[in-house]
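Top line first, the protein sequences correspond to chains G and X.
The opening residue of the first sequence carries number 1 in our numbering; numbering runs sequentially from there.
The opening residue of the second sequence carries number 1 in our numbering; numbering runs sequentially from there.
No lab work stands behind these hints, which were simulated from the structure alone.
Please note: incorrect hints may appear among the correct ones.
Since the list can't tell identical chains apart, any single copy or any two copies may satisfy a pair.
Distance condition first, Cα-Cα at most 30 Å in a straight line; then the derived DSSO-like pairs of lysine-lysine [claimed, not checked]: (1) K126 with K223; (2) K121 with K222; (3) K170 with K222; (4) K170 with K337; (5) K5 with K233; (6) K5 with K36; (7) K337 with K298; (8) K223 with K125; (9) K5 with K298; (10) K233 with K132; (11) K210 with K5; (12) K132 with K349; (13) K170 with K233; (14) K121 with K298; (15) K126 with K222; (16) K349 with K131; (17) K337 with K223; (18) K233 with K26; (19) K170 with K36; (20) K198 with K125; (21) K126 with K210; (22) K233 with K298; (23) K121 with K349; (24) K164 with K210; (25) K125 with K222.
None of these values were measured; they are calculated from a predicted model.
Number of protein chains: 2
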Amino acid sequence: MKNRKIDELIENIQPINQDIEIEALKRFDNLTKPRKSLGRLENIIARAAGVYGSVNPNLRRKVIFLMAADHGVTAERVSAYPAEITRQMVLNFLDGGAAINILTRHFGIDVVVTDIGVRGKLGEKKGLIRKKIAQGTENMATGPAMTREMAEESLLIGYEVFEKAFAQEKIDLIGLGEMGIGNTTASSAIISILTGAKIEDVVDMGTGLKPEQIEHKASIIKKAIEINQPNSKDSMDVLAKVGGFEIGGLVGCILAAASRRVPIVMDGLISGACALLAINLAPLVQDYLFASHCSKEKGHRVALSYLNEQPIFDLGMHLGEGTGAAYGISFIETGFKLLNQMATFDDLK
Amino acid sequence: MKNRKIDELIENIQPINQDIEIEALKRFDNLTKPRKSLGRLENIIARAAGVYGSVNPNLRRKVIFLMAADHGVTAERVSAYPAEITRQMVLNFLDGGAAINILTRHFGIDVVVTDIGVRGKLGEKKGLIRKKIAQGTENMATGPAMTREMAEESLLIGYEVFEKAFAQEKIDLIGLGEMGIGNTTASSAIISILTGAKIEDVVDMGTGLKPEQIEHKASIIKKAIEINQPNSKDSMDVLAKVGGFEIGGLVGCILAAASRRVPIVMDGLISGACALLAINLAPLVQDYLFASHCSKEKGHRVALSYLNEQPIFDLGMHLGEGTGAAYGISFIETGFKLLNQMATFDDLK
Chain G
1 MKNRKIDELI
11 ENIQPINQDI
21 EIEALKRFDN
31 LTKPRKSLGR
41 LENIIARAAG
51 VYGSVNPNLR
61 RKVIFLMAAD
71 HGVTAERVSA
81 YPAEITRQMV
91 LNFLDGGAAI
101 NILTRHFGID
111 VVVTDIGVRG
121 KLGEKKGLIR
131 KKIAQGTENM
141 ATGPAMTREM
151 AEESLLIGYE
161 VFEKAFAQEK
171 IDLIGLGEMG
181 IGNTTASSAI
191 ISILTGAKIE
201 DVVDMGTGLK
211 PEQIEHKASI
221 IKKAIEINQP
231 NSKDSMDVLA
241 KVGGFEIGGL
251 VGCILAAASR
261 RVPIVMDGLI
271 SGACALLAIN
281 LAPLVQDYLF
291 ASHCSKEKGH
301 RVALSYLNEQ
311 PIFDLGMHLG
321 EGTGAAYGIS
331 FIETGFKLLN
341 QMATFDDLK
Chain X
1 MKNRKIDELI
11 ENIQPINQDI
21 EIEALKRFDN
31 LTKPRKSLGR
41 LENIIARAAG
51 VYGSVNPNLR
61 RKVIFLMAAD
71 HGVTAERVSA
81 YPAEITRQMV
91 LNFLDGGAAI
101 NILTRHFGID
111 VVVTDIGVRG
121 KLGEKKGLIR
131 KKIAQGTENM
141 ATGPAMTREM
151 AEESLLIGYE
161 VFEKAFAQEK
171 IDLIGLGEMG
181 IGNTTASSAI
191 ISILTGAKIE
201 DVVDMGTGLK
211 PEQIEHKASI
221 IKKAIEINQP
231 NSKDSMDVLA
241 KVGGFEIGGL
251 VGCILAAASR
261 RVPIVMDGLI
271 SGACALLAIN
281 LAPLVQDYLF
291 ASHCSKEKGH
301 RVALSYLNEQ
311 PIFDLGMHLG
321 EGTGAAYGIS
331 FIETGFKLLN
341 QMATFDDLK
């Protein structure tokens, strides 16, 4: 029954409107600037126009969906920070003291924080959506991170969280954010499985590992893949065996946003893994996904390249939470203003 | 006498405060994020803090200085657009219909537009600073673009425009913007002379030249350098022989801003040439200069590399006007908010 809901959601996703995409590119050509001089921003905005089916969409409400969960694989010492940080950071998000709070306040973006599997109690905090599937995933180095049912549940939670926020007030643009100590390990595993890249080429420092610790992290991922034998053709199998609840939740947000014709701005490594899982389930989603930055995590570049996306900016950031996506949203918002508010050479006459 | 004024201005420029730079880096390390996870943004903000002498400066007023002038070298057909566009675009800036107007309105940045040598009449337009040195420069392919006195005058005009705006209301951050059909030709010449790069490696399409036209443009620059024999050790000689009034004006803005301890955000190729001229005159200025984007003009990367600066973003933009700088200002503003508004791990306890 759950599967049917996911299938319905996927069937609702339509191709973007290429006529509108072309109309936007033509409009850029008429503006008072050298032709194509906004570079790739013109292509980004044109494609987003294709998503909306309009060259002049209303971009009133921007939302970053921030999903948090813990990872059993932290038992293998794959992170420089203790798992307890996940819970502390969720409280920080709710108190407004985290990087993502500062950026979203500045840019006028809403943040929707969901506990989809954080270990420990968070209580009835204002602003927190409580959808805890479990106290973190199981250790993927010794067995599947979660059951297939839980993987499906995580997707549906992401879908429901998006739909509820959308029902409260129409959403025009979203960004993906996450928190979960251990989730670069899960994401690197997913990226390796779905792109065929070598594990060494997609594993990096996460929150701050030393070189020998990165080797250890790679060996744990290899072990997890050997033990679990995830089927790369089956996103739900990959998610269940080496994924995470927040990863599944964001895949659900992606599918929900695409079915509502809302562009999705990716963040770093983890949202790259989510995007790969989503296009595996629903190939049409690819045109709805927009890169923001390229993180310092080398697996992120592998994921972006597989998605055929070039980043807008590259500061070597690797903070997560949706921080890169917040800047990406600002570029898209200003890009539409340029398209719709600039004079044409005809206006000058 | 003019020279003495420029010398005084240069003597006023002090080294940035490295203790404050280090204090800012330490502060970043205490925030609720993985260490160094804001990547190069942490170094950018720390250096800017060193410019201010404060980790928590007030960034109330941001200004883009937009200087416009024409270039005699357009007689050699080095641009895809007619020279008349310079005047039309200045009117567009004053009417608020150009790309830079849209971006600065969005980001809350003031624009100060100066006619420092536009060909043709602009009249008494509201918001226009009228400092026309001449009706454009002379054709550098047949002789010097301007006299040395005019070069000095252009610098002093830039200085005075900055000082007047600063006196009206304190300025906290500036960006460099320009308009001048033909000015990528002048800038490529300057970059080649000051970095020693081959002309072929710094000449590009400008507003939209075809490959054979780019070759022609390179040959004109070679001719200009052969005829004028600019002295690469003498910025004022280079500016006079192959520069432009708006280029000199922006060099004046750079020196003035640095002497007031105001960080300067560069834009594309032209501001790269300005930065090279400025550090040649006053090496301490280098720490006051901040890259925003890397433009599609290949000479820009050469200039940034010589300045030891990495761009924040790269969209293949080549629009000018300060459009890249506007985004760069937004990154610096948000970077300081992150530094000063984020919680520390101690706060979470």
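A quick look at each hint next to the structure:
1. K126 with K223: Close neither inside one copy (40 Å) nor across copies (70 Å); limit 30 Å.
2. K121 with K222: neither (32 Å within a copy, 71 Å between copies)
3. K170 with K222: neither (43 Å within a copy, 58 Å between copies)
4. K170 with K337: Answer is both; intra-copy 20 Å and inter-copy 29 Å each pass.
5. K5 with K233: So K5 and K233 pass the 30 Å test inside one copy only (20 Å; across, 71 Å).
6. K5 with K36: Classified as neither; 43 Å inside a copy, 42 Å across copies.
7. K337 with K298: Between copies only: 28 Å across chains, 33 Å inside a chain, cut-off 30 Å.
8. K223 with K125: neither (38 Å within a copy, 71 Å between copies)
9. K5 with K298: neither (35 Å within a copy, 51 Å between copies)
10. K233 with K132: within (28 Å within a copy, 67 Å between copies)
11. K210 with K5: neither (43 Å within a copy, 54 Å between copies)
12. K132 with K349: So K132 and K349 pass the 30 Å test across copies only (24 Å; inside, 61 Å).
13. K170 with K233: Neither: 34 Å inside a copy, 60 Å across copies.
14. K121 with K298: neither (34 Å within a copy, 55 Å between copies)
15. K126 with K222: neither (40 Å within a copy, 67 Å between copies)
16. K349 with K131: Between copies only: 25 Å across chains, 59 Å inside a chain, cut-off 30 Å.
17. K337 with K223: neither (49 Å within a copy, 42 Å between copies)
18. K233 with K26: Neither way: K233 and K26 sit 39 Å apart in one copy and 46 Å across, limit 30 Å.
19. K170 with K36: This pair counts as neither: shortest intra-copy Cα distance 32 Å, inter-copy 36 Å.
20. K198 with K125: The answer is neither: 42 Å in one copy and 62 Å across copies each exceed 30 Å.
21. K126 with K210: neither (38 Å within a copy, 59 Å between copies)
22. K233 with K298: within (23 Å within a copy, 42 Å between copies)
23. K121 with K349: For K121 and K349, only the inter-copy Cα distance (16 Å) is at most 30 Å; the intra-copy one is 66 Å.
24. K164 with K210: neither (42 Å within a copy, 52 Å between copies)
25. K125 with K222: neither (38 Å within a copy, 69 Å between copies)
Taken one by one, the earlier hints fail for this structure at numbers 1, 2, 3, 6, 8, 9, 11, 13, 14, 15, 17, 18, 19, 20, 21, 24 and 25, listed in ascending order.
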